[in-house]
Amino acid sequence: ALAQEIRTVNSEVPVIFLTAKSLKEDILEGFKIGADDYIAKPFGMMELVARIKAMLRRTGEDADQSSFHLGCLSVCPGRHEVKVEGEPVTLTYKEFELLCLLFKHQGLVLTRDQILKRIWGYEFDGENRTVDVHISRLRERYRSNPDFDIVTVRGLGYKAVIK
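Each residue of the sequence shown is one higher than the last, beginning at 3 in the working numbering.
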């Protein structure tokens with residue numbers, strides 16, 4: 003389904019289903035495959051506009067401007083900025099996305115497959131050290147921060163940990 007493809011490429015994009023299918027099974031299936039909202043016909047134009055505005059408030063510009071701070075490390079996704087001790091750090095796009103993903107899921111173990119799917123947009127069968135290389139580069143760039151670390155969970159993946 004198209005919603006599943008959208009979720010594979012970018013899990014942050016809001017998805018609203020507009021459909022004539024109004025059975026409970028159809029609605030549940032819509033949410034199951036990735037809908038953030040589900041609107042069945044007939045619906046009023048004002049309701050549609052209100053739901054879109056509500057969705058954008060939750061996922062739009064305000065959400066992008068939120069910053070993460072851990073000790074001397076700060077990350078602002080909306081401005082694509084990372085600073086260590088107030089000094090800007092240059093990251094590649096993938097490194098930046100990886101750092102944001104780890105920040106958003108602090109304390110949770112993310113497997114290499116989950117990271118590949120969310121950041122690179124594909125699943126990989128076999129040995130792929132792309133994630134390992136990007137994690138290594140991130141560790142080098144923030145090494146001076148005593149408040150947080152990216153921990154390797156042997157045999158599983160990685161997690162961001164606040165010390």
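I should point out that these hints are in silico values taken from the structure, not numbers from a laboratory.
Backbone N, C-alpha and C define an ideal beta-carbon position, used for all residues, glycine too.
Some clues are possibly wrong.
Beta-carbon label-pair distances, calculated as ranges [said to hold, decoys possible]:
#, residue 1, residue 2, range
1, G80, D38, 34 to 42 Å
2, S76, G109, 38 to 46 Å
3, V153, F45, 46 to 54 Å
4, V135, G157, 13 to 21 Å
5, G80, D149, 48 to 56 Å
6, S138, K26, 26 to 34 Å
7, I18, L158, 32 to 40 Å
8, L110, E142, 36 to 44 Å
9, S69, I8, 23 to 31 Å
10, T94, L50, 16 to 24 Å
11, M57, L110, 45 to 53 Å
12, L25, R131, 42 to 50 Å
13, M57, T94, 24 to 32 Å
Status of the hints after comparison with the structure:
no. : hint                       : in the structure
1   : G80 with D38: 34 to 42 Å   : violated, 20 Å
2   : S76 with G109: 38 to 46 Å  : violated, 19 Å
3   : V153 with F45: 46 to 54 Å  : holds, 47 Å
4   : V135 with G157: 13 to 21 Å : holds, 19 Å
5   : G80 with D149: 48 to 56 Å  : violated, 22 Å
6   : S138 with K26: 26 to 34 Å  : violated, 49 Å
7   : I18 with L158: 32 to 40 Å  : holds, 35 Å
8   : L110 with E142: 36 to 44 Å : violated, 23 Å
9   : S69 with I8: 23 to 31 Å    : holds, 27 Å
10  : T94 with L50: 16 to 24 Å   : violated, 39 Å
11  : M57 with L110: 45 to 53 Å  : violated, 25 Å
12  : L25 with R131: 42 to 50 Å  : holds, 47 Å
13  : M57 with T94: 24 to 32 Å   : holds, 30 Å
Hints 1, 2, 5, 6, 8, 10, 11, counting from the list given before, are not met by this structure.
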